[in-house]
Every structure is written in structure tokens, then in C-alpha cells.
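Colleague: Listed here are the chains, written in short residue letters.
2 protein chains.
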Amino acid sequence: MNSIQRLIIIGSGNVATHMAMAFKKAGLDICGIYSRTFENAQILAKKLNINAFKSVVEIPLDADAYLLSVSDSALPEILKELPSFDGILMHTSGSVGLDVFSKNIKRSAVFYPLQTFSKDKQLDYSTVPILLESEDAAVLNALQDLGKKISETVRTIDSEQRKQLHLSAVFMCNFSNYMFHISESLLKENDLDFELLKPLLGETIEKLNELSPAEAQTGPAIRHDKRTLNAHIEMLKNHPEYQNIYQLLSDQIQKLKS
Amino acid sequence: MNSIQRLIIIGSGNVATHMAMAFKKAGLDICGIYSRTFENAQILAKKLNINAFKSVVEIPLDADAYLLSVSDSALPEILKELPSFDGILMHTSGSVGLDVFSKNIKRSAVFYPLQTFSKDKQLDYSTVPILLESEDAAVLNALQDLGKKISETVRTIDSEQRKQLHLSAVFMCNFSNYMFHISESLLKENDLDFELLKPLLGETIEKLNELSPAEAQTGPAIRHDKRTLNAHIEMLKNHPEYQNIYQLLSDQIQKLKS
Chain A
1 MNSIQRLIII GSGNVATHMA MAFKKAGLDI CGIYSRTFEN AQILAKKLNI
51 NAFKSVVEIP LDADAYLLSV SDSALPEILK ELPSFDGILM HTSGSVGLDV
101 FSKNIKRSAV FYPLQTFSKD KQLDYSTVPI LLESEDAAVL NALQDLGKKI
151 SETVRTIDSE QRKQLHLSAV FMCNFSNYMF HISESLLKEN DLDFELLKPL
201 LGETIEKLNE LSPAEAQTGP AIRHDKRTLN AHIEMLKNHP EYQNIYQLLS
251 DQIQKLKS
Chain B
259 MNSIQRLIII GSGNVATHMA MAFKKAGLDI CGIYSRTFEN AQILAKKLNI
309 NAFKSVVEIP LDADAYLLSV SDSALPEILK ELPSFDGILM HTSGSVGLDV
359 FSKNIKRSAV FYPLQTFSKD KQLDYSTVPI LLESEDAAVL NALQDLGKKI
409 SETVRTIDSE QRKQLHLSAV FMCNFSNYMF HISESLLKEN DLDFELLKPL
459 LGETIEKLNE LSPAEAQTGP AIRHDKRTLN AHIEMLKNHP EYQNIYQLLS
509 DQIQKLKS
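Sequence lines, in order, name chains A and B.
Heads up: the first sequence begins at 1 in my numbering, then just goes up one per residue.
Heads up: the second sequence begins at 259 in my numbering, then just goes up one per residue.
Read the hints as simulated data drawn from the structure, not as lab findings.
Hints should not be assumed to be uniformly reliable.
[Said to hold, decoys possible] Some residues of chain A that are not near chain B, with every Cβ distance over 12 Å (derived): (1) Arg6; (2) Lys24; (3) Ala26; (4) Phe38; (5) Ser55; (6) Glu58; (7) Phe85; (8) Leu98; (9) Glu135; (10) Ala138; (11) Lys163; (12) Gln164; (13) Ser212; (14) Pro213; (15) Pro220.
[Said to hold, decoys possible] Partner residues aside, some chain B positions facing chain A, computed with beta carbon under 7 Å: (16) Glu442; (17) Met493; (18) Glu499.
As the structure is a prediction and not an experimental result, all values here were calculated from the model.
Built from N, CA and C at the ideal position, the CB exists for glycine as well.
Please build the complete structure, drawing on both the sequences and the hints.
Modeller: See below:
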């Protein structure tokens with residue numbers, strides 16, 4: 001299989017936008033974009049100075065690859081509408097398996113960029129890991145080359161691993177962000193500025209370059225400092241939901257060393 | 259009250275070490291160091307090219323200030339041993355109130371650097387917030403000047419606020435670090451590299467420069483994506499403790515928008 005040069009984008013959300021721009025910057029020939037909402041396709045097409053297709057029948061059948069980047073729930077539907085392409089058809093979802101593609105799709109794959117995308121925020125794509133999956137070795141090779149054009153980290157993993165990675169990301173990012181939220185809400189109640197804790201957060205993250213999180217664990221729970229733990233539980237008495245979280249997490253952290 | 263020039267360090271742990279080095283760099287006259295373990299005092303004294311005092315009676319009584327940086331539990335004991343100083347006596351603890359000082363101490367204060375210190379890791383002190391407390395306005399002024407010599411952020415807060423800040427820091431840093439630990443342990447079980455999630459973590463932190471944590475919240479819980487939430491709970495069936503945490507945090511996050 002030759003290397004991927006001619007690429008078509010299907011979808012116009014944050015991921016589609018960021019990837020289209022990264023591919024364009026890497027010198028690929030983006031032949032056009034299709035989105036079920038034509039206006040959105042036009043906005044992205046204008047940004048990239050390329051075509052927007054008004055219906056699926058306008059999409060050329062002979063591109064090297066089709067990047068399908070729509071919401072998880074829209075994926076099965078849009079797959080039914082698409083014609084049969086010769087090129088590689090790849091989705092970009094972290095939580096949808098390869099089995100979303102019907103068996104009569106010749107070259108199917110997952111091309112999953114592991115990152116959180118905000119529409120208007122520039123992103124250095126070179127640090128974003130690209131995670132590939134396909135049952136076709138030639139397709140994987142072509143996607144390795146494609147991935148390396150935009151990122152330093154390209155790996156092949158299977159659907160089960162991708163799902164585990166997504167679950168781990170929920171703890172790593174979504175749940176830690178919720179901890180930041182609790183922290184901020186407690187600070188606000190006491191007329192304290194969230195900025196005060198940012199240097200501490202920065203150092204907490206930086207430590208992970210040298211230590212595992214278990215090694216880097218600090219605080220009253222890991223010190224088994226009952227006096228402070230009890231004082232904190234008492235301080236949270238007006239927030240029973242935060243109290244529950246404090247208790248559960250402190251109990252678990254205390255088990256780390258024992 | 260004149261500005262603080264002559265300073266004595268009491269204690270030889272991570273905080274004492276880092277602060278002594280920062281003060282020395284800022285041009286203060288560190289007259290010596292006392293630690294209950296003389297060997298530790300000698301190590302730090304050698305680093306700074308200053309005196310180590312072998313017993314409390316050797317500590318000069320006429321320094322401008324005494325930085326008392328020992329563990330929370332050792333504070334009350336060591337305070338009993340110390341002679342009566344003319345200068346400012348300040349402790350560096352986040353969770354101990356001003357009331358640890360007996361009433362006959364003339365000038366007492368808290369000089370609390372809000373950071374996590376590791377012994378062998380260099381630290382840019384200029385970004386570390388210094389939080390002050392004293393009932394004496396002249397002492398506060400002198401400590402403001404002292405703080406500004408080593409940090410860009412110097413604030414006065416009361417004991418209750420400092421305790422609230424410490425509690426918030428537990429959520430912000432200790433509990434988020436535990437989320438990283440769960441994430442890493444799940445990745446390990448599936449032969450996946452923790453490094454894969456670090457760019458995502460970096461972006462999660464960077465978002466906080468523009469958005470509040472509540473605004474920045476992403477993931478299946480905030481999307482009320484029941485299919486993914488149920489799938490994740492099922493995937494955690496061999497880790498009932500992680501399952502509990504997943505359920506509790508997801509329930510709370512789902513309440514954020516409603």
C-alpha cells in the first residue's frame with residue numbers, strides 16, 4: 001500500500017478541526033470535508049481553503065484515507081450512509097471498538113489522538129499520542145507513517161487496551177479536575193484565591209517526572225496523621241458529599257503503604 | 259521595627275533547608291542553625307557556611323528573627339525548650355495556629371510557604387506563596403518585607419484561612435495525585451505506558467489558566483453518558499475500591515450542571 005497523501009475529513013467538531021489543521025500543516029492533500037451540517041463543513045473548509053461536500057454522494061471514492069471524526073453516538077448512523085470507499089476508513093474515538101465497522105468495509109482502522117480538545121485553543125500536536133488499531137498490517141503501516149507526520153508518539157493498541165486507556169484517562173484527568181473543583185469551591189467560601197494553590201499543583205505534576213504517583217503521595221492520609229484527618233472531616237461538616245469523598249480517598253491512601 | 263537582617267534557623271528538615279538557602283541567596287545574614295539532632299544541623303550549616311549550635315543555650319538572643327521549622331508534632335515541645343528571644347519567633351506550619359505560641363512570647367508569627375518540598379529537588383522560590391499571620395502589625399510589616407525578598411506572592415491570612423487552605427491543598431494535590439496512582443495502576447495491568455497520559459494531563463492543567471475547574475470539566479459523567487459510565491463500572495469489577503470511587507465521583511460530577 002502506498003503512503004497516504006489524499007485525505008478526506010468526515011465531521012467538523014473539535015477533533016476533526018484540530019486534526020485537519022495538523023494534517024494540512026504536515027503537507028497532506030486534504031481533498032475536502034463532509035459534515036451532516038453543511039454550514040459547519042463550510043466553516044472548516046474555508047479555514048483550510050478546501051472543498052465542502054454537500055451530500056455523501058459528492059465525496060470522492062478514490063482518496064487514500066477517510067478520517068471519520070464524529071460523536072460516538074453518531075458513528076453507527078453515519079457509517080450506514082457512507083458509500084463504499086477504496087481507501088482506509090478510520091474513526092478517531094477512544095471508546096468505540098473496531099467492530100463498529102461492518103465486515104464489508106475493506107480497510108478499516110482506528111486513529112485515536114489521546115488528548116482533550118477545545119475548539120479555540122491552539123495545540124502542539126507533536127506531543128499528542130496517536131493510538132492505532134487495524135486488523136490489516138498494511139493499513140497499520142500506512143497509518144504509522146501518517147501518524148508520524150503529526151506526532152512523535154504513535155502506538156498500536158487493541159480495542160480492549162484503548163478502552164482501558166480511556167478509563168484510566170477518566171481518573172487521570174476528569175476526576176483530578178473534579179478534585180480541583182472541590183478545592184476551588186472550598187477556597188472561594190473562605191475568600192481565598194485559587195491562584196495560591198497553582199504553584200503547589202505545578203510541583204505535584206512535575207514530581208511525576210521523577211517518581212511514580214505512589215512514591216510521590218504526600219499529605220495527612222499517607223502520614224496516618226489522624227489528628228489532621230479528623231480535623232478535616234470536621235471542617236467539611238457542611239459538605240457531606242465532600243466529607244464522603246475525603247473519607248473514602250483517605251481510607252484508600254492509608255492502605256497504600258500498609 | 260527595623261527590617262530583618264540577622265536570622266536564625268531552628269530545624270533542619272526539607273522546609274528549613276529550602277528556606278535557609280533561599281534567605282541566604284537573598285542576602286540575609288543567617289547567624290546559625292539549631293536542630294535537636296546536631297548532626298543534621300551540621301550538615302545544613304556546612305552547606306550554608308554558617309554556625310551550628312549544639313544546644314539551645316548557644317543560640318544568640320539578639321537576632322532579628324528565628325525561623326522555627328520542625329514537624330507539627332515537635333513544635334509544642336521545642337517551644338518549651340527555647341529561651342525567650344527579643345526577635346520575631348515564627349513557625350512555618352500550614353496546619354498549626356498562632357495559638358501554639360504561649361502568651362509570653364513577645365513577637366510571634368506564622369511564615370508559611372505553601373509548597374511541597376523534596377529534599378534534593380531544586381525549587382524556584384519566587385513562585386512559592388508565603389502566607390503570614392501575626393497579631394502584631396509591626397511584625398507583619400517586617401515579615402512582608404522579608405517574604406518579598408524570596409517570593410513574588412506574600413499574603414496575610416488568619417489561622418482559620420490557613421487551615422482551609424491546607425484542606426483545599428489536600429484535594430488539589432494529595433487527592434489528585436491518588437487519582438494519578440489509580441490511573442497508573444490500571445494502565446500497568448493492561449501493559450500500557452503511563453507516559454501516554456501525560457500530554458493529556460498537561461493540557462488538563464493548562465486549561466485552568468483560562469477556565470474554572472467546573473467549566474473545564476469533561477468526561478462521561480458531565481456528558482451524562484450512561485453507556486460509558488456503566489461500561490467503566492463493569493470494567494472495574496475486579497477493583498471494588500476503584501469502583502466505589504468511580505461511582506461516587508461520577509455521581510457528584512453529574513450534579514455539577516443540573
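Colleague: Now, for every hint given, state plainly whether the structure supports it.
Modeller: The hints, checked one at a time:
no.: 1; hint: Arg6; verdict: holds (29 Å)
no.: 2; hint: Lys24; verdict: holds (21 Å)
no.: 3; hint: Ala26; verdict: holds (18 Å)
no.: 4; hint: Phe38; verdict: holds (25 Å)
no.: 5; hint: Ser55; verdict: holds (29 Å)
no.: 6; hint: Glu58; verdict: holds (32 Å)
no.: 7; hint: Phe85; verdict: holds (28 Å)
no.: 8; hint: Leu98; verdict: holds (16 Å)
no.: 9; hint: Glu135; verdict: holds (19 Å)
no.: 10; hint: Ala138; verdict: holds (25 Å)
no.: 11; hint: Lys163; verdict: violated (7 Å)
no.: 12; hint: Gln164; verdict: violated (4 Å)
no.: 13; hint: Ser212; verdict: violated (6 Å)
no.: 14; hint: Pro213; verdict: violated (4 Å)
no.: 15; hint: Pro220; verdict: violated (7 Å)
no.: 16; hint: Glu442; verdict: holds (5 Å)
no.: 17; hint: Met493; verdict: holds (6 Å)
no.: 18; hint: Glu499; verdict: holds (6 Å)
Of the hints listed earlier, those the structure fails to meet are numbers 11, 12, 13, 14, 15, in rising order.
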